[in-house]
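A.B. asks: Spelled out, the chains give:
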Amino acid sequence: MRLGGTDVCVVGVGTSEQFGFDLGRSPMRLQAEAFTAALADCGLDRADVDGFATAHGSPTGVDYEEFTAVMGLDCRYVDQAWAHGRWSTGLVAHASLAIMAGLADVVAIANTVTNGRGYARHLGGLGGHGTVEGLRDTGGGHGEWSVHGVDTPGAATSLVAQRYMERYGAASEDLARIGIGFRENARLNPMAILRDKPLTQESYLREPVISGPFRRCDYSLANDGATCLVLAAADRAADLRTHGVRVAGAQSIRSNRDSYVLFSRPGLGVGFADETPLRPEHHPVYEMAGVGRDDVDGLYVYDSFSSNVWMTLERFGFCGEGEAPGWIASHGLGVGAALPVNTNGGLLSEGHFGGYNHLVEMVRQLRGECGPRQIAGAEVLQWTTPWGDSLIFTR
Amino acid sequence: MSRLRQVGDHRGPAPVVHPETEPFWRGLAEGRLRLQRCTPCGTVRFPLGPVCWRCGSFDHEWTDVATAGTVSAAVTVRRATGDPLWAGEVPLVSAQIDMDSAGVRLPGRILCDPDTPPPHGTPVDAAYLAAADGYGVLCFVLRESSQEGS
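Protein chains in written order, with numbering that gives the first Met the number 0: chain A, 0 to 394; chain B, 0 to 149.
Honestly, the hints are just simulated from the structure, not real lab data. Here the structure is a predicted model, which means the values were calculated and not measured. A virtual CB, placed ideally from N, CA and C, is assigned to each residue, including glycine. Take these hints with a grain of salt, some might be off.
Example chain A residues on the side facing chain B (calculated, C-beta under 10 Å, incomplete) [to be verified]: (1) VAL77; (2) GLY133; (3) TRP144; (4) GLY153; (5) ARG162; (6) SER210; (7) LEU239.
Residues from chain A shown here face chain B by an in silico Cβ test under 8 Å; the list is partial [said to hold, decoys possible]: (8) HIS147; (9) ALA154; (10) GLU165.
Bound-form chain B, shown alone (with noise of 0.2 Å):
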C-alpha cells in the first residue's frame, strides 16, 4: 500500500484517541492508513468500532487499505460558527471520500482552492495532517496534484 504523504499540520480540535482506536490515529502519523478488517468475513469498516457491523464479530486486525478515492460531497466552509480553533482555517474544503477498493466512505478535509471545490466523482488521495501527541488526521488531495507533488 502507498505511503500517505504529510501535507501539514492539523490546527483544529484535538482527535478524541483510546486505546481501542489508537493504531488508526498512529497510523495516519506513520503515514499508513489502517482500518480495521474482520477476521472471519473480511469486512473493512468504518467508522472505528470493536465489532463488525456486518458479522458481529470482534476478531479483527488492523490492516493498510488503498488510499485512492473519490469524492463523493464536498462542501467549502466559510464561517467556523463552531470550534473557535477553526477560525484561523476557513475557508477549508471538507469532503466525505468514497474509498475505490476498501469499500468504506471516509470523512477528510480535501487542501484545494476552497473556491472551486470538487464536484462528485473527481478522484483523492489520501494524506494527512500531523497533530499532536505523535498522531495523524486524515486528509486528502487532489489526484492530479499528488502526482505533482510526487
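The shape of chain A in the complex, shown without the other chains (with noise of 0.2 Å):
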C-alpha cells in the first residue's frame, strides 16, 4: 500500500502474557498487556502513539475511549469497528491509510477477547439469539436464523459445510485434516491453547456431532486473550529496534448478496444468491504488493470453522472449485508444506483472537523469530478469509 510516496510497517506486536480459557484477568487488563508488550518489542512510549484502532468493544472486549483513558493516551485517530473477528483487514488498511494520510504517526491496533467460561462470566452477556444480528430481518450474517434452531455461527456454517460436502463429495476424514493439521502445528507454538491436546483421525471420529458435519474440533475456540500491534511509517519504522514488516497489499471484504453468509464462498449458494459454478475473481492485493499468488510463503486463513479453510483455498486460486479437501490431503498444512497454513495453529488451536493472532505470528515469521515453527526464507505472508478479505506483509 502506497500514497503520497509513504509505506507503512508494523514495527511491533505483542499479546496478552498468556492465552487461555480463564486467565482469570479483565479485558482490560489482558489488552494493557499486550499494548505494553507491544511498544516494548519495538522500544516505542506511551507518548509515541498517537492512534488508536479496535474492533471488538463492549461486552467481550475493551471500547476505545475506555482504553485511552485508562492508559493514559493522548490520540489524534481512532477507529473502532464492530465486535467480530472480520475487521482485521480493514483495521490494518485504514491504520495504514491513515499514517499515509498523515492523520497519525503511529497507531496501536489492539483487540481483547473473553469467554463465558472465562473472564467474560463476571460481565454483562450478549442474551439470547446467539448474536445481536439474530435480531435482524436479513438474519445473521454467519447464516444464523435463531427462529430457526440455527442460532450459533456454528451452527450456520455446519450448512456451509453440509452444502460443500453433498456438493463435491468430501467426507469427515476430509473436515478432520483441517484440525488435526492446525494442532499439529500449535505443538510448535508455547502461546498455543490446545498446544498439549494432540488430534488424530480416531480420536476427531470420536467427538460427538454438534450440528451437521460439525464436530468440536471444527469450531475454534472460546477463549481469553489480547493482542495488539503497532503501525508507523518505514522512515519511522527504520529507527526502531525491530525489522519493520511492510504492509505491502491490501484489498477489502467484498459484499454482495452472494457473500451475505460470511463462512460461504461465492457460488456454493448458501444465503441469498444462486448456486453455480465458482467464478474466478480479480484479487488485487498481489499487484498491490507487487508479487504473484505463487510467490506467497505461508498462508493465514480465517479459521473460526474448519471448513472457512476450503473455502479460502478455492476463492483465492490455490486450488480448483471443489478441490480443497484433496488439496490439503497431499499438500498437508504444516511448517513443512509447500504453502504452510495457520503455523501457529490457528483460532482451531491456537485460539480465536480474531484473526490479529495470525497477523502477529506473520509478522513474527517475516522477522525469522519462529523457532522450531519459522518458515525457512519467509519473505511473503498472505492473511486471508471466506469473504475475501486479505492483507499481505512483506519482510
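Each of the two chains sits in its own frame; use the hints to bring them together as a complex.
C.D. replies: Put into C-alpha cells, the structure is as follows:
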C-alpha cells in the first residue's frame, strides 16, 4: 500500500502474557498487557502513540475511549469497528491509510476476547438469539436464523460445510485433516492453548457431532486473551529496534448478495444467491504488493470453523472448485509443506483472537523469530478470509 | 396457492416482528406463505426488505407463493449452544430450502427424523408452527409425509 510516497510497517507486536480459557484477568488488563508488550517490542513509549484502533469493544472487549483513558494515551486518530473478527484487514488497512495521510504517526491496533466460561462470566453478556444479528430481518451474517434453531455461527456454518460436502463429495475424514493439521502446528507454538492436546483421525471421529458434520474440533476456541500490533511509517520504522514488516497489500471484504453468509464462498449457494460454478475473481492484493500467488511463502486463514479453509483456498485460487479437501490431503498444512497454513495453530488450536493472532504470527515469521515453527526464508505472507479480504505482509 | 398446515407450536425465541414485516409473520399463522413481490419488475424477494434488490423500486405487494420446495442443505443441530430455549427441542433439523417457483431460498426447520436429515434435492412442502401474538414460524415437512397427512 502506498499513498503520498509513504510505506507503512508493522513495527511492534504483543499479546497478553498468556492465552487461555480462564485467565482470571479483565479485558482491560489483558489489553494493557498486549499493548505494553507491543511497545516494549519496538522500543516506543506510550507518548509516541497518537493513533488507536480496535474492533472488539464491549461487552467482550474494550472500547477505544475506555482504553485511551485508562492507558493515559493522547490520540489524534481513533477507529473502532464492530465486535467481530472480520475487521482485521479493515483496521490494518485504515490505520495504514491514516498514517499515509498524516492523520497519525504511530497507530496501535489492540483487541481483546473473553469468553463465557472465562472472565466474561463476570461481565454483562449478549443474551439470546446467539448473536445480536440474530434479531435482524435478514438473519445473522454467518447464516444464523435464530427462530429456526440455527442461532450460532457454528450451526449456521455447518450448513455451509454440509452443502459443500454433498456437492463435492467430501467426507468427515477430509474435515478432520484441517483441525488435525492446525493442532500439529500448535504443538510448536508455546502460546497455543491446545499445544499439548494431540488430535488424530480416530480421536476426531470419536467426538460427538454438534451440528451437521461439525464436531468440537471443527469449532474455534472460546477463550481469553489480547493482541496488539503497532504500525508506523517506514522511515520511522527504520529508527526502531525491530525489523519493520511492510504492509505491502490489502483488499477489502467483498460484500454482495452472494457473500452475505460470511463463512461460505461465492457460488456455493448458501445464503441468498444462486448456486453457480465458482467464478474466478480478481484479487488486487497481489498487484498492490507486487507479488504473485506463487510467491506466497505461508498462508493465514480466518479459521473460525474448519470449513473456512476450503472456502478460502478455492476463493483465492490456490486450488480449483471442489478440490480443497484433496489439496489438503496431498499438500498438508504444516510448516514443512509447500505452502504452510496457520503456523500458529489457527483459531482452532492457538485460540480465537479474531485473526489478529495470525497477523502477530505473520510479523514474527517475517522477522525470523519463530524457532521450530519458522517458515524457512519467509518473505511474503498472506492473510485471507472466506469473505474475500486479504493482507500481504512482506519482509 | 395451497394453504399451509400447522404442524406444531413454536418453542424457540419469538420472531422479531415490526410493522413493515408483519404481513409475513401474520400470514404464516393464517396458513399463507406471503412474500414481497416488486410491482415494476415482478421479482419475489427474500430476505424481507423495503426495496427490490434487482431494480431498486420501493413499490411492492405481498403475494402468496407456491409452497413446494427442495432441500438445498439440511443439518441436524444436536446441541443447543446458543439460546437455552432450544435445549428442549434438540436434536432438530434446520435447513435452507429452494422454493420451486418463487425463485427464493428460505430458511426453516424440517420436521422429520433428526437421525436422517434429508439430502440435497429432497422435495418438501412449507408448513408452519404457531407462535405467540398471532404469528407463525415457517417450517417444512417431507413431501411424502405431507401427502400421507392430507
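A.B. asks: When the nearest CB of chain B is found for HIS147 (chain A), is that gap smaller than 8 Å?
C.D. replies: holds, 5 Å
A.B. asks: Grab the minimum C-beta distance from TRP144 (chain A) to chain B and call the hint holds if it beats 10 Å, violated otherwise.
C.D. replies: Check passed: Cβ of TRP144 (chain A) comes within 4 Å of chain B, closer than 10 Å.
A.B. asks: Using the nearest Cβ pair, does GLY153 (chain A) come within less than 10 Å of chain B?
C.D. replies: holds, 7 Å
A.B. asks: Hint check: is the beta carbon of ARG162 (chain A) less than 10 Å from a beta carbon of chain B?
C.D. replies: holds, 4 Å
A.B. asks: Verify the interface restraint on ALA154 (chain A): the C-beta must sit less than 8 Å from at least one C-beta of chain B.
C.D. replies: Where the cut-off is 8 Å and the nearest Cβ of chain B is about 5 Å from ALA154 (chain A), the hint holds.
A.B. asks: Can you verify the interface hint for GLU165 (chain A): is its Cβ closer than 8 Å to any Cβ in chain B?
C.D. replies: GLU165 (chain A) check passes; min Cβ-Cβ to chain B is 5 Å, inside 8 Å.
A.B. asks: Is the shortest C-beta separation between VAL77 (chain A) and chain B less than 10 Å?
C.D. replies: violated, 32 Å
A.B. asks: Minimum Cβ distance from SER210 (chain A) to chain B below 10 Å?
C.D. replies: holds, 5 Å
A.B. asks: Hold the hint about LEU239 (chain A) up to the distance rule: shortest CB distance to chain B must be less than 10 Å.
C.D. replies: Not OK, violated: LEU239 (chain A) not within 10 Å of chain B, min 44 Å.
A.B. asks: Checking hints one by one. Is GLY133 (chain A) an interface residue toward chain B, by the C-beta closer than 10 Å rule?
C.D. replies: Holds. Min distance 8 Å.
In summary, the numbered hints that this structure violates are 1 and 7.
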